[in-house]
Amino acid sequence: MTDTPPSVVIEGLSKKFDGPDGKPFAAIDDITLSIRPGTLTAFVGPDGAGKTTLMRMMAGLLRPDTGTLRVLDTDLRTDPQSVQNRISYMPQRFGLYEDLSIQENLDLYADLHGVPLDVRKERFARLLAMTDLAGFTTRPAGKLSGGMKQKLGLACTLVRVPDLLLLDEPSVGVDPLSRRDLWQIIEQLIEEEGLSVIVSTAYMDEAERCDQVFVLNRGMKLAEGTPAELTKRAQGLTYVVTPDAGVPARDLQARLIDAPDLVVDAVPSGGQVRFIRRPDCDEAGFAQLLHDCAPEPREEELEDAFMLLLRQHDEAVQGSAITPLAAGTVAPPSNGNGNGPVILVRDLVRRFGDFTAVANTSFDVRRGEIFGLLGPNGAGKTTTFRMLCGLLPATSGELQVAGVNLRKARAAARARIGYVAQKFSLYSNISVYENLDFFGGAYGLRGSRRRDRVREIIRQFDLDPDAQSGNLPLGYKQRLAMAAGLLHEPEILFLDEPTSGIDPLARRAFWRTITSLSQSGVTIVVTTHFMEEAEYCDRIAIQDAGHLLALGTPREVRERSGLRAGHMNEAFIAIVEQARAAEREGQEAA
Amino acid sequence: MTLSPFLTRLIALIRKENRQMLRDRSNLMVGFFLPVVLILLFGYGLSFDVKNAPIALVLEDNSSVAREVVSGIEGSRYLVPVRTESMKQAEALLRAGRVDAIVRVPVDFARSQMRGEAKVQLILNGVDSTTSTTLQAYINGAIGTVMLRRLDRGTDGAAGPGSVTLVQRTWFNEAGISTWYLVPGLVVLIMTLVGAFLTSMLIAREWERGTLEALFVTPVRPLELILAKLAPYLVVGLIDLAVCVLTARILFQVPIRGSLLAILVTSIAYLVVSLLMGLFISGVTRNQFAASQMALLTSFMPALMLSGFVFDLRNVPLAVWVASQIVPATHFMGVIKTLFLAGTNWPMVLQSCAIMFGYSLVLLMLTWRTIRKRLD
Numbered sequence: 001m002t003d004t005p006p007s008v009v010i011e012g013l014s015k016k017f018d019g020p021d022g023k024p025f026a027a028i029d030d031i032t033l034s035i036r037p038g039t040l041t042a043f044v045g046p047d048g049a050g051k052t053t054l055m056r057m058m059a060g061l062l063r064p065d066t067g068t069l070r071v072l073d074t075d076l077r078t079d080p081q082s083v084q085n086r087i088s089y090m091p092q093r094f095g096l097y098e099d100l101s102i103q104e105n106l107d108l109y110a111d112l113h114g115v116p117l118d119v120r121k122e123r124f125a126r127l128l129a130m131t132d133l134a135g136f137t138t139r140p141a142g143k144l145s146g147g148m149k150q151k152l153g154l155a156c157t158l159v160r161v162p163d164l165l166l167l168d169e170p171s172v173g174v175d176p177l178s179r180r181d182l183w184q185i186i187e188q189l190i191e192e193e194g195l196s197v198i199v200s201t202a203y204m205d206e207a208e209r210c211d212q213v214f215v216l217n218r219g220m221k222l223a224e225g226t227p228a229e230l231t232k233r234a235q236g237l238t239y240v241v242t243p244d245a246g247v248p249a250r251d252l253q254a255r256l257i258d259a260p261d262l263v264v265d266a267v268p269s270g271g272q273v274r275f276i277r278r279p280d281c282d283e284a285g286f287a288q289l290l291h292d293c294a295p296e297p298r299e300e301e302l303e304d305a306f307m308l309l310l311r312q313h314d315e316a317v318q319g320s321a322i323t324p325l326a327a328g329t330v331a332p333p334s335n336g337n338g339n340g341p342v343i344l345v346r347d348l349v350r351r352f353g354d355f356t357a358v359a360n361t362s363f364d365v366r367r368g369e370i371f372g373l374l375g376p377n378g379a380g381k382t383t384t385f386r387m388l389c390g391l392l393p394a395t396s397g398e399l400q401v402a403g404v405n406l407r408k409a410r411a412a413a414r415a416r417i418g419y420v421a422q423k424f425s426l427y428s429n430i431s432v433y434e435n436l437d438f439f440g441g442a443y444g445l446r447g448s449r450r451r452d453r454v455r456e457i458i459r460q461f462d463l464d465p466d467a468q469s470g471n472l473p474l475g476y477k478q479r480l481a482m483a484a485g486l487l488h489e490p491e492i493l494f495l496d497e498p499t500s501g502i503d504p505l506a507r508r509a510f511w512r513t514i515t516s517l518s519q520s521g522v523t524i525v526v527t528t529h530f531m532e533e534a535e536y537c538d539r540i541a542i543q544d545a546g547h548l549l550a551l552g553t554p555r556e557v558r559e560r561s562g563l564r565a566g567h568m569n570e571a572f573i574a575i576v577e578q579a580r581a582a583e584r585e586g587q588e589a590a
Numbered sequence: 001m002t003l004s005p006f007l008t009r010l011i012a013l014i015r016k017e018n019r020q021m022l023r024d025r026s027n028l029m030v031g032f033f034l035p036v037v038l039i040l041l042f043g044y045g046l047s048f049d050v051k052n053a054p055i056a057l058v059l060e061d062n063s064s065v066a067r068e069v070v071s072g073i074e075g076s077r078y079l080v081p082v083r084t085e086s087m088k089q090a091e092a093l094l095r096a097g098r099v100d101a102i103v104r105v106p107v108d109f110a111r112s113q114m115r116g117e118a119k120v121q122l123i124l125n126g127v128d129s130t131t132s133t134t135l136q137a138y139i140n141g142a143i144g145t146v147m148l149r150r151l152d153r154g155t156d157g158a159a160g161p162g163s164v165t166l167v168q169r170t171w172f173n174e175a176g177i178s179t180w181y182l183v184p185g186l187v188v189l190i191m192t193l194v195g196a197f198l199t200s201m202l203i204a205r206e207w208e209r210g211t212l213e214a215l216f217v218t219p220v221r222p223l224e225l226i227l228a229k230l231a232p233y234l235v236v237g238l239i240d241l242a243v244c245v246l247t248a249r250i251l252f253q254v255p256i257r258g259s260l261l262a263i264l265v266t267s268i269a270y271l272v273v274s275l276l277m278g279l280f281i282s283g284v285t286r287n288q289f290a291a292s293q294m295a296l297l298t299s300f301m302p303a304l305m306l307s308g309f310v311f312d313l314r315n316v317p318l319a320v321w322v323a324s325q326i327v328p329a330t331h332f333m334g335v336i337k338t339l340f341l342a343g344t345n346w347p348m349v350l351q352s353c354a355i356m357f358g359y360s361l362v363l364l365m366l367t368w369r370t371i372r373k374r375l376d
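For the record, the sequence lines run as chains A and B. Using the UniProt record's numbering, the first residue of the first sequence is number 1, and each one after it goes up by one. Using the UniProt record's numbering, the first residue of the second sequence is number 1, and each one after it goes up by one.
Quick caveat, the hints were computed from the structure, so don't treat them as lab data. No experiment lies behind these values; they were computed from the predicted model shown.
Computed Cβ-Cβ distance ranges for the label pairs, DEER-style: (1) A:V161 with B:L261: 45 to 55 Å; (2) A:T137 with B:F6: 24 to 34 Å; (3) B:R98 with A:A421: 51 to 61 Å.
Derived lysine-lysine pairs resembling DSS-like cross-links, with alpha carbons at most 30 Å apart: (4) B:K373 with A:K16; (5) A:K23 with B:K373; (6) A:K149 with B:K373; (7) A:K143 with B:K373; (8) B:K119 with B:K88; (9) A:K23 with A:K477.
From the three backbone atoms N, C-alpha and C, an ideal C-beta is built for every residue, glycine too.
Build out the structure end to end from the sequences listed, making use of the hints.
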């Protein structure tokens, strides 16, 4: 194998872009690496690490500022076309023509790659069988689910066997089931056709499957090696600790993550807290922090090594990451009183035409609880969520929020809830103070009361009032959006996918804010597609195809799935699959 | 038979563009429905001709001569006389907008007429100067015809020495019918609309949906992309041209005095410029909304305002004239009106084709630059 040249050789590669504030920043900063042919290689890193930029440069779509870049032994600077003839590339948005059918999309790419007609027939049959799309060839790509689109996107890049396949975050925004199917296809093709694949991902379980992993952050290469080599970096630093009975795991997790000079990372998991000790931490301080519980060492994982690398790098670059909010800094809501459920949902139904988005859903949310709505794309969680916030009327059923019947008095209910949309919905071109002042007015706060609330919330959330909102880092944008949602001191805060698209460190900090809010008595309803985030919730509901499949504490849901240990991800897949199998049986019996 | 890779790719791309065009309902509306609406709107609605204009008649002299004079107005199919008792009443009607003009035959009309000094007073509503100018001509004509007829019959005796009668004739548009010059102008507007507006979406849409990114990393070449995007819309443009020519002939009886071949050749030349203009805008903006706004502002509006479609370019300030000469539509407008109404003027056709060829080359190079298979 020593005589075959590497499929990618990168030396001293840099690329600068203009940032939102007009200052140039290095998307790729002096990266040197080489990739062996015939391997499955992963670029892992948080959002903004430079993964997509690197992928695009390897595809000849972006020109390097400095450094050399050779793909398949060809210089991309001088001859991008001959590289583009030999590789396949799936961009993040799959590159499908939504108004063309599955077959027409495949035909187009086969024509462009000059695949002979006799080869094509067999190839298409194989790809369609592999992707489970054979039954839908005449359906327009725009009418496919996210998972199907992604599989079709992959099939389009594989109309012929490329010399190198580039997949840019193929599993972003795709539910766990589709994610698993996709990796099965990729692995099958590697085995049968000896494909060379480079994939970029933010998921560690995906990186774990690869032969070679490069960890990127802020445009720099932090580390490289096999998953096993990288995992070793966290050796001896990883622990798991069980909180005392009756104490939520997230309270213990909060205590650990509030000690950044001792603990690198801590996450709740299955009623316990998994954490990583700092390699240089002070033994006495560490013992003091965990005086009341007994941490047990656990086996290190790639994720641990990744968090360790990220934390160390971020501290080296900018001192410290986003500062988490300490517990108790957020004032409790003034009007939160009484017991009993704060949200009551009975037989809720929402139909769009003859399509039932939410079917016969019933659940309660108790006061002060963190309640998670989980489900694959199209499961109905956004629809349920919008009905709870009074943004969408229900077709039928009973719906009470903060003691107010939402079907009768929507405005009254709205005054008692705060809503943070998935997309940053504040004004980008005005300052933090101006945004909060405006939203304060929109919520009906006036005069000195408004000024006081805005000043108070800026202090609580540790925001810079003069910063222009659009230029904030994503983590701070989310924090600002949440601050705006809390101005009128609502009893319930609704958060729609608050952590999608922000990096793992910022996600930890953001959840710390949520848990500290919860400690102050605000009820929180949150949707997320990160299954491990379910561990922060008191109770979760899992939806699929409009039906409520499971409801309970994370531990109860995990037990229902039959998998006691392991990640929430697997429990989730098991539950959805069991439900789908049951439905198939029901249909066949009928 | 195996095609060259270039042709295989081009045909695949054209097939793709064609399917996308046919499946996009809003595209088809702009491509086929809007031109028809424009033709009907401009052809029937936006006519500068005056028909059935109410005219107040103030007949202060009741002599037979006076009555004969106004009979000319009563007989006109463009004018509707409204008899009034007094000048005062007529003025009130004019102020109220109930009539467009007042024709007043003074008390001493018959007597003055004997002396050859007869005068008829005409008061026009100048609020709409186009209408009032047209009305003035009609009323002049109506009264003039009567006087000429009287002259023929010799009832006035000899016309006084030195009395000159102006005999007017308008060439190419003998009747002065405005649809005759509006409809050929519409061909320009529709070619511009189909070309620039529809194609302005094409590259921008692929940028927005991220499909170009995938397409770039294939053996495809930029020129193939451009040609494939031109082809289906060239066909749409030609269908629209046929619709324009047919409605011009059948619905509005506009004469087509030039050769159809010359009309076809100049139209294709302009259509290509227009299509490339749209593609260039699309490639530069990479955003459908911005592209459609740009296309309207930089091609449709100039074609409407600066090409000589409505405003005569000889009367505009120098700066505006210079600007109008930069607009490709101006050069097409002159030729197409000549081809419809006057006849084939080959040197003019060739000159226009040469200008369009120049524009096409420049725009093709510019569009090529915007679609260089690079994201930065």
